[in-house]
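Protein chains in written order, with my numbering: chain A, 1 to 279; chain B, 1 to 723.
A hint or two may mislead.
[As the list claims (entries may be wrong)] Which stretches of chain A does chain B cover? Using the computed rule of at least three CB atoms under 8 Å from a CB of chain B, they are:
1) 14-25
2) 46-58
3) 107-120
Rather than coming from a laboratory, the hints here were simulated on the basis of the structure.
All C-beta atoms, glycine included, are put in the ideal place defined by N, C-alpha and C.
Here is how the chains run, residue by residue.
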Amino acid sequence: MSFPYLIQGKNIVVVINNTPHTVTSSHISYEKVKEAIRTGDWETVQNIIEPKKVILEYGAGKISIQGDKMFWKDTEFHNTLSNRIISMFQEGFPIEPMVAFMENLMSNPSKRAVDELYTFLEKGNLPITPDGYFLAYKKVRKDYLDIHSGTMDNSVGKTVEMERNTVDDNANNTCSTGLHFCSLAYLDHFGGSDSRVLVLKINPRDVVSIPADYNATKGRACRYEVIDEIGGAVEEAFVAPVQMGQADGATADVIRIAVEAAVKAALAAHAAQSIDATE
Amino acid sequence: MILNTAPQDQAVLSNVGEIGEFRIRNSAKAFNILSSGLYANKVKAIVRELSCNAVDSHAAAGKHETPFDVHLPNQLEPWFSIRDYGTGLSHEQVTQIYTTYFESTKTASNEFIGALGLGSKSPFSYTDNFTVTAIQNGVKGVYTAFINDVGVPSIAMMGSEATTEPAGVEVKFAVTDRYDFDKFRTEARNVYRFFKLQPVVSGYNDFKIDVPEYEKMDIVPNVHQYKSAHGQTIAIMGNIAYPVQFPDSAIKEMGPLANLLRCGLEMHFGIGELDFQASREGLSYIPQTIDSIKAKLEELNGALTGLLKTEADAVENLWERALFLAKRKDNTLWTAAVQKYAVDADLPTYDVNRYGGTKTFKVGIEELAKDCNIVIRAFHRYRGNKSCSNTKSSMDYSDQKNATGHYDTWAYWSINVDLSHHFVINNLKTGAGERAKYHYRESTMDVSSRTVYVLEPVDRTKPMKTDEFFKQIHNPPAEQQVQASALLEKPRASSGIGRNVSILALQERNHGGYYRAKEMVWRDAGKLDQFDAKTTFFYLPLSGFAVQTTTGHSFTATELNTWIKESGVSGFGNITIYGVRKTDIEAIKLQKNWINIEEHVTKVLSKISEKEVMGLVMSALDKHHFTNYNSNIVEQVDPKSPFSVYNTKFKGHSKVRHNEHALRMLTTRYAKGTTFDVNAVITKFEAETKAIYARYPLLKDIYSAQSADIAEYINLIDAKKGI
Chain A
1 MSFPYLIQGK NIVVVINNTP HTVTSSHISY EKVKEAIRTG DWETVQNIIE
51 PKKVILEYGA GKISIQGDKM FWKDTEFHNT LSNRIISMFQ EGFPIEPMVA
101 FMENLMSNPS KRAVDELYTF LEKGNLPITP DGYFLAYKKV RKDYLDIHSG
151 TMDNSVGKTV EMERNTVDDN ANNTCSTGLH FCSLAYLDHF GGSDSRVLVL
201 KINPRDVVSI PADYNATKGR ACRYEVIDEI GGAVEEAFVA PVQMGQADGA
251 TADVIRIAVE AAVKAALAAH AAQSIDATE
Chain B
1 MILNTAPQDQ AVLSNVGEIG EFRIRNSAKA FNILSSGLYA NKVKAIVREL
51 SCNAVDSHAA AGKHETPFDV HLPNQLEPWF SIRDYGTGLS HEQVTQIYTT
101 YFESTKTASN EFIGALGLGS KSPFSYTDNF TVTAIQNGVK GVYTAFINDV
151 GVPSIAMMGS EATTEPAGVE VKFAVTDRYD FDKFRTEARN VYRFFKLQPV
201 VSGYNDFKID VPEYEKMDIV PNVHQYKSAH GQTIAIMGNI AYPVQFPDSA
251 IKEMGPLANL LRCGLEMHFG IGELDFQASR EGLSYIPQTI DSIKAKLEEL
301 NGALTGLLKT EADAVENLWE RALFLAKRKD NTLWTAAVQK YAVDADLPTY
351 DVNRYGGTKT FKVGIEELAK DCNIVIRAFH RYRGNKSCSN TKSSMDYSDQ
401 KNATGHYDTW AYWSINVDLS HHFVINNLKT GAGERAKYHY RESTMDVSSR
451 TVYVLEPVDR TKPMKTDEFF KQIHNPPAEQ QVQASALLEK PRASSGIGRN
501 VSILALQERN HGGYYRAKEM VWRDAGKLDQ FDAKTTFFYL PLSGFAVQTT
551 TGHSFTATEL NTWIKESGVS GFGNITIYGV RKTDIEAIKL QKNWINIEEH
601 VTKVLSKISE KEVMGLVMSA LDKHHFTNYN SNIVEQVDPK SPFSVYNTKF
651 KGHSKVRHNE HALRMLTTRY AKGTTFDVNA VITKFEAETK AIYARYPLLK
701 DIYSAQSADI AEYINLIDAK KGI
């Protein structure tokens with residue numbers, strides 16, 4: 001099996017079943033199509049050439065598409081999550097973390113908190129975890145006590161929580177009661193140079209509000225788990241849309257290893273298919 | 001669309017050498033210019049050109065009512081495609097016609113928008129490759145058009161097979177840049193806005209075409225005016241909108257008709273009526289284009305003039321008609337029509353050369369007097385200003401000196417056609433000027449300014465020929481002609497007395513918000529006849545501002561006012577002093593309710609009661625502590641004791657708050673010859689008080705002691721000194 005194709009610059013034209021498909025770098029399967037054509041994996045080409053079909057398949061029945069919009073059950077996906085799903089697909093992650101994340105998110109009792117969280121995730125570009133949580137940063141004192149009051153222990157491994165209804169849910173009260181977390185951009189605004197930067201694992205269900213100041217880069221929750229402390233460059237802590245491993249102090253490496261493993265598995269699968277095809 | 005490309009005249013050559021034709025080199029540069037360089041707005045060009053091809057193809061297939069399909073690029077499906085259901089293309093058509101620049105099947109008919117054979121290549125202005133899927137007669141061919149290694153457009157067949165899909169063509173290409181997704185949406189909106197039949201748009205859920213709002217549709221067939229009735233006029237030909245931007249020279253030639261181009265018109269033309277730029281981004285202003293548009297504008301203007309004529313002719317009065325036109329002229333759409341109507345109708349009250357539009361008549365003063373027995377006086381008043389100022393007539397001077405070495409002059413009234421003017425015709429036996437001014441001063445202004453022309457007879461024994469005058473200025477409407485007898489009459493005062501008596505009032509000067517001693521000043525209080533005839537007023541005769549007193553003393557009105565206010569005498573009440581000038585004194589004396597303040601003060605002081613005097617005395621002696629009757633002390637001492645006698649005199653009296661100096665000033669001036677001399681009483685009591693303190697030397701030191709102790713001290717002294 002092979003299909004007529006043309007590759008020119010970033011554009012690929014493949015004709016499958018006498019129907020032309022135009023693929024370019026903005027196409028969600030661009031890299032994969034290019035690679036599959038290079039390796040002659042025509043079945044993969046056929047499977048991944050139609051983005052809608054790909055996403056529907058990837059979404060395993062949880063995601064639907066109407067026109068140019070993606071839906072989670074009946075709720076339209078916020079842009080930031082559509083992008084997240086696409087990049088998860090592109091980087092070879094399974095859909096399950098997103099499914100778990102959506103289920104957690106949808107169990108958040110506050111619609112406003114959910115809407116604000118979209119903005120936070122979009123601005124912060126923070127990873128989600130396989131069990132549907134997201135990761136965020138927090139700065140603490142040298143002794144792991146919180147900077148503001150110095151009373152809460154945020155040692156790695158601790159779960160910190162307070163009653164949800166005691167957390168200020170008004171985004172316009174910019175500095176108020178609650179367990180605070182932030183994205184990278186906020187870190188410089190708070191705490192001294194001798195403070196520690198921690199990685200928090202937060203259930204989207206537990207987010208109460210994202211204060212309106214600092215361009216939606218900090219948030220208040222009623223519960224989080226401290227899973228790691230960042231030793232090196234903070235910017236390099238998170239590199240993938242889904243954080244596979246945790247709490248071993250070498251987060252970036254874990255991701256890299258996980259991605260490499262996924263790619264290897266994909267290549268192996270392609271190789272097997274090629275053999276099938278030749279047979 | 002049929003193109004007219006042949007020269008108007010054939011070249012006739014004779015005795016020439018070798019003739020060579022120009023050629024176009026089949027090069028990358030040429031292709032690039034034709035497919036990319038042509039378009040300023042490339043995305044719009046692609047949407048427009050491919051859509052027009054789709055429309056043409058539907059037209060060729062007779063499917064005028066079938067919409068074509070458009071797919072706009074989005075994140076999930078980043079491609080643009082247009083699929084029509086027209087005639088489709090055969091393999092030969094794709095490889096021969098479709099790919100040949102300037103090859104077009106549509107130049108034989110004006111049923112088609114296309115003609116140049118360039119539009120189908122427009123995707124090359126955005127991308128290096130696009131696919132063409134052509135379905136015709138049950139065969140589906142898939143082609144990829146691309147720019148080859150040397151920059152020359154090429155086409156590759158990617159497949160062909162039998163199909164049951166409906167005939168037609170799909171052109172499709174990938175959109176690499178996400179930021180361009182929005183451009184495609186925007187341009188699709190701009191382009192499809194003018195399509196008679198909207199395509200079926202997919203790929204963007206919220207795609208909506210802005211439907212233009214019209215002020216007036218089909219002013220003449222196929223000419224509409226947008227709601228925002230100013231701005232660009234556009235010409236629409238074959239679903240495509242072209243801005244109408246005439247070259248300056250053409251605008252000049254058109255005269256007032258050019259105004260219509262600024263009225264936000266939408267003009268529809270049949271295919272072939274206008275010539276356009278190869279890019280279709282604008283019109284090509286060859287004579288044919290200009291003539292077509294001009295013809296349409298003339299048709300429009302003719303229709304507008306017709307409408308205007310019906311409306312204007314219905315306005316009978318020529319002044320009113322001129323003003324109707326002047327007003328209508330302000331709307332750019334009607335400017336040319338108004339001009340045309342005024343010229344055609346030769347309207348005497350309208351001046352096409354004047355910016356304001358209405359005519360100004362010049363009426364010679366001498367001629368008016370001679371021919372009509374009329375002399376005009378004029379004044380004007382502005383809203384918000386009560387005064388009426390005289391308006392002057394104008395004067396023209398001759399260019400040349402006359403025989404006597406002087407310049408001839410000609411005096412005239414310049415009367416402009418204006419609905420705010422009024423003409424007052426004096427039908428009274430007296431002059432009407434003052435009455436007219438009074439009338440217009442007193443009446444409310446419904447216009448921002450008004451000029452009033454008062455027509456009076458030069459020779460009062462003869463009638464004015466007003467009809468003749470009004471005929472000269474083409475008859476201002478009847479409501480602008482006013483008989484002097486109908487004007488408000490200036491009321492005459494009931495009697496001469498008091499009419500011109502000016503009254504001043506002594507009032508506090510404003511102290512401007514910060515502390516300052518309150519000064520009294522004379523202010524104009526109006527005329528005597530404005531004062532109520534039943535209320536009593538008090539006046540002080542003045543000479544200049546100096547008080548004219550009968551007392552022989554010299555003092556100011558302010559001083560007198562202070563004395564009256566502070567004297568503590570209750571009979572004065574709250575008095576305002578009015579000043580009356582020497583010349584008006586006789587008039588004021590005749591008014592029963594006007595009382596000279598000096599007489600009033602004298603009268604009040606003469607009637608002062610004993611009780612009031614004692615109160616004043618007590619107050620005057622206030623520094624002594626035993627002017628209040630103290631029964632506790634009196635009861636404990638001998639009734640014949642000098643203290644007891646003294647103190648008992650004050651029994652039943654209480655102090656009156658007053659300024660002793662003020663009282664003294666008044667009494668010395670006005671209490672002479674009265675029955676009760678307050679000053680004498682005060683002096684007497686002062687002496688008595690002194691005597692008491694002399695007899696009881698410690699009394700002033702023990703005033704705060706118990707009554708019994710004081711009584712004991714008095715008794716001791718009385719016992720020692722004897723009573």
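Tested hints:
1. 14-25: Result for this restraint: holds, n = 8.
2. 46-58: That given contact holds, which follows from 3 residues of the segment 46-58 of chain A lying within Cβ reach (below 8 Å) of chain B.
3. 107-120: Three-residue rule not met by the segment 107-120 of chain A, so violated; n is 0.
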